[in-house]
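Peer 1: As a plain string of letters, each chain reads:
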Amino acid sequence: MAKPAELSPASPAMEVRTPPKDPGPSKLAGPATWVDERIGLAKLMSNIRKVFPDHWSFLLGEIALYSFVILLLTGVFLTIWFKPSMAEVDYAGSYELLRHVRMSEAFSSTLSISFDIRGGLLVRQIHHWSAMLFVAAMTVHMLRVFFTGAFRKPRELNWLIGVGLLSIGLVEGFAGYSLPDDLLSGTGLRFVDGLIRSIPLIGTWAEFFVFAGEFPGTLVIPRLYMVHILLVPGLLLGLISAHMALLVYHKHTHWPAPGRTNHNIQGYPFFPIYVAKAGGFFFIVFGITILMGALIQINPVWLYGPYNPSQVTAGSQPDWYMGFVEGAIRIIPNWEWHVLGTTWSWNIFLPGVALMGLLFTALAVYPFIEAWITGDKSEHHLLDRPRNAPNRTAFGVAGMAAYGMLWLAGGNDIIATQFQVSLNNVTYFMRVAVFVVPVLAFIVTKRICLSLQRADKDRVLHGSETNIIVRSPDGGYSEAHVPISQGEAYSLTRHPQLDALPPNGEKLGRTRQRLSRWYADGQVPTPTVEEIEAAAHHSDAPALEGSDTAESGVSH
Amino acid sequence: MSEQKNLPVPDPGLEEHEHRFTDVNEAAADRAYRQIVGMLAAVPVLVLAFLFVYFGVPKDAELVLFGANLQMQTTLLGLTSGLATLMIGVAAIAWARSLMSDEEIVGERHGAASPPEARERVLADLETGIEASGIRRRKLLGTGMAGALGLIAVPALVSLADLGPWPTPALRAETIERTLWAEGVRLVNDVSYLPLKASDLEVGQLVNAVPETLEKIEDGTAFQQGKAKAAIIVVRMDPNSIKIPDSRKDWQINGILSYSKICTHVGCPISLWEQQTHHLLCPCHQSTFDLANSGVVVFGPAARSLPQLPITTDSEGYLVARSGFTVPVGPSYFERDSSKDFKEGDR
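As given, the protein sequences belong to chains A and B, one line each in that order. According to our numbering, the first sequence is numbered sequentially starting from 1377. According to our numbering, the second sequence is numbered sequentially starting from 276.
These are computed hints drawn from the structure, not numbers from a lab. Among the hints, a few may not be true.
[Said to hold, decoys possible] Partial list, computed: chain B residues near chain A (C-beta under 7 angstroms):
no.: 1; residue: GLY382
no.: 2; residue: ALA387
no.: 3; residue: THR450
no.: 4; residue: PRO558
no.: 5; residue: HIS560
Glycine included, each C-beta is placed from N, C-alpha and C at the ideal position.
Same shape as in the complex, but just chain B (with noise of 0.2 angstroms):
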């Protein structure tokens, strides 16, 4: 890219100064001094009803605004304290519009580097200073001094270590690869923690359950990191109408199956139910599995089947889990063998 030097249409340089009808013409000027006035004047008017709705007006009463109900108070407080603002912001763009002087200016640009005289002032400083060091006759002095800066580094970072526990194959074990689902637990509603009998289920409905030992988990974080795990959908589909693997053959009763609520992909709990076509969609990323056939993904990012619970009855006829799940349920994780897992086509 080239500075053309021969420019075709010569630079006529700057533009004649115009001015503005409040330079030439005293009565605007005036008008334009009293509108800013009038604006600065409106701030107080602004802060005192500021005040009077601060302190006057009840946190709970309404105000019907086009349609649209809204808490007076924050509504009223935002309004006064918005317009005086703005009112600020006006009047000072204003002044400067209108009747500061618009004499625009000119300065001269320099080129971003030093003067070469500044540069090598300072090239030559530096080679004092560095003589001065001694650094160059003891060279020990600066290879030492840059190793231990760059070591000091080091228990800067290794305090960190203990930012979580250090996820080994036992950890995990106890942690992400485990639920409170056991042999024997009961599946319970999610919200009133009553067990689920197979005989109240329906052919197409869908219940949102957890283990019964849930509820009886008094940490909250305990409880909260249970449930992200645990948290399942208990579905009753017609068995004729739906494919069951061998190897899955006693993992249902009558068409009641019991899949992982925590999506594969990264962990929301999925929970949209087409109960005609069987399939379970995400509604964070629409992934979306098949029901009827083992948990397959049909569609979306999810890359793994929905992890099935093995579920039979109790003699009370309540819904258990036969074991916990076989697979760890929700996101991946790089040291995941996913290799049991269920595949499309397994028997």
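Just chain A, same shape as in the assembly (with noise of 0.2 angstroms):
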């Protein structure tokens, strides 16, 4: 926000920057040329200067991250004593409730941790509720980088990168999830495998190459175990990798402010402020994450007791990010079909499968289609404010509704307890609600971002409200205005139009020609030189008493 400008001799910033009084050879040089001289150091570390811009939505990635280091290190901790057996054992551990029931190492070795190690359980929460927030973090972040427009050219193919990262990481939630084979995972698992069964075709064939053989088999934990700790995790880091390089390649897209440009960035260099501030940051997060493993309980497994084929907790519930998928299974009318000696589960592959899928393919193949309706092809680093591309904005909500809706549909057991209405009206409530309520959700929306862009039309032509009612000669009243600084209204008429395709320029096909005029209706149009000097001269009513410029206009 601020210019650079002359800092005040008496500033302590000034005392950092001040050589000592005895300059002499800086303690730093002789390492840091014995480094160079083997790995080139200075070449590398030529961008530590490197600017970064600040936002509070701009931490919401770094949390993921961060969440993304404490589940490593966590995890780490975990693996020195978790085993991944399926083997039956007779339990001998500190725990009494649970002496000498039959149950697998996973489990046996689980509430070891929980009760033996010390610190164990509450490296445990902490893993589970850092991975709660990894999920979080990366689709609040998303949801970050969709409605300021931050995906488009050139960062499509960083969204991809992330598209892949969010999809990877619920695999990576439910493999961890399952692992101490307790009651409510090893319904998971159960859940799984019908879910691996309905795949038409070579639903049989998945389910049985998954378990190695008939469900629950020996080996689906070791391998959930390999996948967990090593296979997710290595993509995960990879992938991560290449979101930061990118990220830096790209520099961080910032927020329209005067003086701001698609050509340039302003903001504070990574050192040492934002290794300070990062730095700072990740401490914060892992903070407060442990303080939420010792005062919050997560997943009490030994409250549900070993897995058992034949038992299950009423308001069984996934974690959170698998809530959506849980809704839309328990909302699907019940299709099958029955063909020819061979059963099609389209009430488990929609929801399941193909619903997981649908998300992901929408949310990769988003910023191409809208570069298709819009024929842009320049690149973009200053951010959208979301009024300002009211269809997308509105897509977007409505994206939220209906993940809202299965989401809730998830519960509907919950909500029908909860509330004392009945489990099956609220279960063909929620079939019309996922379909009816994200159409509401796009229609309001976008009503409600040409409002605001109303709004600041009429703010940069008529000024900032003053709460002050100035009564007229005439009797009449009138809400004094003060203009708003040049800053503000550069700020709030500085973004692009939005332009229908021109029908002639290219050959374009009819869909495509509706779908950009569509896309380009309906927007406030910024206001003209001629619109705000007629608005300022408009203001004739009589200056406010005690304004202090001259110019100060007042109008209504």
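Relying on the hints, combine the two individually framed chains into one complex.
Peer 2: Now the structure itself:
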């Protein structure tokens, strides 16, 4: 926000930069030279004053990154004791209530981590909480990127990497959730078994390959362990590195403000400001996750007991990020085809397997579809305010609404019991809501965006409300307005206008032409120079008494 | 979308830098400095406290906090290490925000694309390299190498064919299409393994049962696999208030019926019994089956009736199976012939 300015000599900031009285050779010089002569350190570190812009919404991705680091650290601790084995043992640990109960080694070692290893339960809970946070932060970060248009050229590939991260993040979470082999996670695996079976043509084969035979078998937990601690974390690590490398290469987007353009970047240098801010933020995220692990119980597997295929707890729920799939599974009508000795379980395949495919495909292709509709081939480094892309924003909110409805439907039994309403009616309602609410959300969001555009225009033309009511000599009342700063007026008027594609410019298909016209339609045009001048002259009401500047006009 | 050349309001350029309070007031800066050092000084104290808790607090000690019983050791280990970590973070950010220079700097952006010269140079290099490889003159080198690289994936993929046994019709018949139930196998309580006597069941009662042969299975895997399919529920209803089709007249004894406990949707054990409506509700996805009507689906995502186990009594009056299940239990799979399942209206 601030312009580089002279610092007062008294500023402590200057102290940092003032060389010591006796300069001499820097303490860093010796070791730095040693390393530089071997690996060219200076070349590697030429970027340490790289500029990063500041905004709270840019922290969301950081939370995801730090949660991942926390997951790696706590995960390593847990692997020291966890035994990924489905071999049955007679429990002999210190949790009295399960003494001599037959259970898998996986569950028994989870109990041992929880009750016999000092700090084990704490680390287990930190690990689970940061997994929840990891997926949540990725999701919210993705929404931030979506609604501000940060996915546009040249960042489409980084968006795709992000979609990849989110999708395998779900797999990672689910694999970890299944490892303790308690009643809840076993139920989750049973569900996945049914899900895999439902795939037309190859379902039974996929089931036998995943479980090494019939459910539950002996290998699924060792296999999920490999997936959870080696395969997926490796993929995540690679994709995160690529995500960060592209972020550095493209430089971060920034919010429009005076002096900020598509060709510059304004902010604080990486060293020392971002080292301190981002590094400090890592410790804050870690600290809060530790406190959550200490104070908020999560997944008390000893209460559920070992997995037993003939038992299930009422109100069983997956972790939150699988809730939308759960909801879809619950509300779909029972469509199943029985044809020529085969069974086609659309009631499981569509909401379970196809829905996830649909979600991630829609996310992946969106940037390309929008660019196709708008015909926009330019690079974008300035973020959109969501209101200035009303259709995109409305589409995003509609998507969130659909996700939210499915997610709510995943708790239809809880809703029914808590609010004492009929479970069947809740389910019927959600079947309709999942289609109707997104449409309503689209319409309402678009209207809100356009109203906000109009409010912006009013603010530029008529200034800021003062909350002061002025009575004119002839008895009329009006509210005094003061003009806004040029910087604010610039920020409110600089956004490019959406244009429909010229019909004859290229040979466009009818669909594309129609979509492009629809996409650009309805926006409130930014005020013209003439309109602004006219509005300024229109301010014929008496000047506000005591106003600082002579030209501070008052209008209504 | 077009970048407007003539903006209605010209860009006034970067805003004036505003000094922070700590920039202009030495006392405020000193205060911030003291606060930051204070936070860092709390870290060793908290670390010592952590060590004390780790070595000094017994594992079974409890801590009552706001009415909640917490494991004292876990909670205090977390509180001390969590606060210490938090202090480091807050101190670093306070340092950056109030004492480090807050002059913003401006950098330049360049297009993501390489400069045209660089692109041309790389293209020329590629051209030189391709020429030097000789692939243009000896074309089979290229196709041969591409084909070989593609084919070398085949052994890797085929090696995965042993991920699990192949579900051939013969194997399916031995595994997912077969349960422990057979003629004469007694129904026993799923916890005590005591046999169920028909005369002990009251109208309205539901019992979770398994075959008596389950208890004798030593192997843990076979036990779980067996239980995952053979679990049943036994209910007694008033014979006059339920519909019993002609074909299933002898599948029950005085209104005592037995059904698979494994949901035909995705295989959860169904266990919520509505005694008055004779409905059985699955707690996972709320599929509801009418046990008074041969287990047909009355609500929810399940598409097939709950398989019924034909039962009778033996000479001592204990419940036994007349045969195994007549259709595979559990969730659907592609090769399943679902034409034999009971449908509403079957006789």
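Peer 1: Look at each hint and say if it fits the structure.
Peer 2: Against the structure, the hints come out as follows:
Residue-level restraint check for GLY382 of chain B holds (minimum Cβ-Cβ distance to chain A is 4 angstroms; threshold 7 angstroms). The closest approach between the C-beta of ALA387 of chain B and any C-beta of chain A is roughly 4 angstroms, which is under the 7 angstroms cut-off, so the hint is satisfied. For THR450 of chain B, the interface hint holds, the least distance from its beta-carbon to any beta-carbon of chain A being 4 angstroms, beneath 7 angstroms. Because the beta carbon of PRO558 of chain B sits about 4 angstroms from the nearest beta carbon in chain A, less than 7 angstroms, this interface hint is met.
Annotation: HIS560 of chain B was flagged as interfacial toward chain A, and the flag holds, the nearest CB pair being 5 angstroms apart, inside 7 angstroms.
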